[in-house]
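Novice: In case you want the letters, here they are:
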Amino acid sequence: MIALTLGCGLLLSACSGNQSGGSAGEAPAADGKATVTWLNILHTPSPPTETVLNKIEEATNTNIEFSWIPDASKEERLNTSLASDSLADIVTLTILDNSSVRNALKAGVFWEVGPYLDEFPNLAAISPEMRTSASIDGKLYGVPMQKQVARNGVIIRKDWLDKLGLEVPRTTDELMEVAKAFTEQDPDGNGVKDTTGFMDRSDLVYGAFKTLSSYFGTPSVWSVSEDGKVTPEFESEGYIKTMDYMKQLYEGGYINKDFAVTAKTDQQQNFSQGKAGIYVGALFDSKNLLNDARGVQDNMELVLVNDITSTGNESDRAIWSTTNGVGGLLSFPRSEVKDEEELKRVLKFVNDLMSEEVYALMTYGIEGVHYTADEKKAVTITDTSLWEQEVQPLAGSRPKEPGYEIHDANPLKAEADRLIQENTEFAVLNPMFSLESPTFSSQGSELQKIITDATYKYILGKISLDDFKAAVSSWRKAGGDQIIAEYEAAYKAVNG
Amino acid sequence: MKAADAPLVPLQVKPKKKREPLQLSKSLRKHKLLYLMILPGFIYFVIFKYFPMGGLIISFQDYQPFLGVSESPWVGFKHFERLFTEPTFVMLLRNTLLLFAMEIVFFFPLPILLAVMLNEVRHKLFKNSIQTMIYIPHFMSWVIIVSITYVFLNVDGGVVNQILEAMGLQKISFLTSPEWLRPMYIAQIIWKEVGWSTIIYLAAITVVDTQLYEAAEMDGATRLRKMWHVTLPAIRPVIITLLILKIGNTLELGFEHMYLLLNSLNREVGEIFDTYIYTAGLKNGQLSFSTTVGLFKGLVGLILVMAANRLAKKFGEDGVY
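If you're matching them up, the sequences are chains A and B in order. Using this note's numbering, read the first sequence as starting at 1 and increasing by one per residue. Using this note's numbering, read the second sequence as starting at 1 and increasing by one per residue.
None of these hints come from the bench; they were simulated from the model. These numbers were taken from a predicted model, which means no experiment stands behind them. Heads up, the beta-carbon is just placed ideally off N, CA and C, and yes, glycines get one too. Wrong hints could be hidden among the right ones.
To be verified - Covered, in the sense of this in silico footprint (three residues per stretch, anywhere, with C-beta under 8 Å from a C-beta of chain B), are these stretches of chain A:
1) 101-113
2) 116-123
3) 245-259
4) 407-416
5) 456-466
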């Protein structure tokens with residue numbers, strides 16, 4: 001049935017493909033503002049309300065019309081939008097390794113913006129490294145969304161550490177000890193053994209696994225040797241060590257038993273309800289975790305840690321960065337943005353979005369309504385639930401996140417920002433990020449399932465190390481070898 | 001009748017083949033109102049069912065949406081080769097067929113049993129309220145049912161595991177063990193659909209001639225005997241028809257339901273054609289390949305339904321066509 005519907009959709013779209021588009025070329029609306037349509041990704045349950053949007057429209061002198069795609073179904077929706085040519089003036093592309101997206105980019109569905117960036121002050125400020133990272137075959141098919149390079153770390157219950165007389169852990173062994181103590185020594189003092197060390201979710205990348213793997217010296221996704229040989233992360237020693245570490249956590253019960261099926265919202269909720277004391281994820285999550293704990297775990301104190309290593313040597317510090325700081329591309333389809341003049345108009349709009357004024361609107365909301373600020377531009381959110389409704393949905397669409405003067409006055413958020421900034425220095429980049437492998441684009445995520453499944457099974461003690469290695473070799477046979485060969489060739493072409 | 005017809009046959013002089021088109025146009029003219037009445041349905045099928053089938057053509061191409069059907073390169077049977085040589089194929093086929101077999105064995109008889117039992121309930125109000133209650137789960141979405149199961153079955157604080165623990169038994173991680181996926185899947189289907197599926201059987205039972213029951217009673221049949229010898233034979237055609245329809249949907253196991261249950265640890269027993277098409281086609285954008293998988297699935301379904309129909313006819317039933 002799905003295939004039939006798919007076929008149906010394709011045929012119908014083939015017939016109607018030429019009628020859509022052109023909205024950017026329409027005459028300005030009655031109020032003198034031009035209209036920009038934007039196919040955007042929504043990271044919150046519901047889209048933003050008009051309040052803040054109106055202010056942004058004023059500041060950029062543009063009418064913005066959003067079509068939202070929920071983050072959870074972005075692959076599916078983007079693919080169908082591309083296939084049926086129902087795009088908008090601006091399309092937010094966050095999955096650059098998806099084969100349809102890559103093919104569309106390479107086929108010239110979108111404008112190449114590289115030559116135009118320097119005409120606009122905020123866009124000209126995008127660093128050359130960022131531009132290279134976001135390029136495909138040396139061409140930049142959209143404005144890169146600038147994010148922090150590496151934002152992950154470990155969040156620990158400080159009040160529990162103090163209660164049990166433990167130090168903030170600096171090595172993975174100490175972290176294990178803390179997890180063990182949190183599980184066995186009743187840190188919440190209710191007399192029942194109902195806590196665990198870690199609270200993790202079913203995500204090997206944004207959950208605990210990948211961050212821990214960095215501490216064990218695992219490369220980020222791929223590694224390249226000096227003679228240009230490419231190896232996947234899961235063939236490294238660090239990856240195996242991380243699996244063993246997680247296995248030890250699981251067997252000892254120092255992690256929630258169901259982490260392999262736990263969703264992010266459940267994970268955060270459980271942590272805030274005091275079911276566990278260690279959270280590994282984005283460091284800025286700490287603020288929300290503490291907010292949600294209000295009234296449930298009022299004595300919760302959190303400490304953020306970003307300098308754990310397996311050896312204890314400062315020189316071994318590392319933290320992964322999958323996307324190299326590129327949050328995605330804001331791309332402009334040729335079918336909607338008809339000519340250079342329009343392209344410049346839309347680029348000007350993106351440029352304006354990067355101003356401090358609009359950044360403040362998209363991050364904190366309207367002063368006096370959502371937040372108050374002191375003379376040092378330190379912001380305190382006054383109405384959290386209103387902020388969550390009206391501002392937070394917009395925050396995911398900011399074209400640039402770091403590098404503004406205005407900042408959060410919340411000490412936890414400030415600390416998180418500081419540590420994330422510090423992470424940049426130790427970031428392990430994915431060397432293949434901007435390189436091309438056709439097999440990876442088309443089958444990469446399917447092949448990755450082989451590894452993901454085997455990793456979980458190993459951690460849960462269902463398969464042995466030999467079985468895991470067998471899974472890796474079946475990955476190689478099913479297309480992995482080809483991916484490696486393609487990456488090696490691409491790497492050679494770029495680096496000589 | 002046959003004896004009377006036989007002598008007539010030699011009298012038909014004109015060969016059959018030439019007469020057929022004539023007959024068609026004649027019958028068209030004769031019954032033009034009837035044909036006019038099926039026209040909307042006919043048009044519906046052509047536009048919404050047959051025309052989209054043209055899209056299947058992309059399973060012989062490396063289809064790229066922005067190139068369109070006319071520009072995309074033709075690759076012959078490349079995608080079929082990939083499908084049949086990939087190790088996933090065996091897994092998909094095995095999982096799909098096994099789940100289907102389990103559904104037929106464990107789910108299919110239940111609504112019949114329930115309908116017969118409901119039929120025996122004499123108190124009208126009681127019967128009606130039971131019926132209403134067992135229909136309700138049908139209107140819940142799979143998302144809700146799977147979430148409820150999740151809350152009940154998870155290891156950290158799920159009710160079922162707490163009970164197991166209180167009884168001194170080992171906790172079971174239902175959600176992550178492959179051996180529990182299939183029972184869980186079937187149990188959820190039973191919970192959701194068993195009540196709703198009784199409707200047709202109940203309707204069939206109401207038309208059973210009451211004289212048959214009276215006659216059976218005269219012969220001294222007990223209630224069980226009446227069920228076995230009167231009710232069940234009376235609804236047998238309905239059962240057969242529904243079974244054939246069910247087989248037609250063999251590979252249509254319900255994407256949403258399985259997709260919600262899948263995770264890294266139970267994928268080897270849970271991945272079915274529908275979920276695979278979704279990930280390969282819509283998420284990874286391999287439109288041609290997933291169309292191939294879908295085409296294969298459709299063909300298998302067609303063959304199965306034809307076989308089942310023939311089998312039904314062999315056993316003296318009507319079949320669906």
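Novice: For each hint, tell me whether it holds in the structure or not.
Specialist: Outcome of the hint check:
no.: 1; hint: 101-113; verdict: holds (count 5)
no.: 2; hint: 116-123; verdict: violated (count 0)
no.: 3; hint: 245-259; verdict: holds (count 3)
no.: 4; hint: 407-416; verdict: violated (count 0)
no.: 5; hint: 456-466; verdict: holds (count 4)
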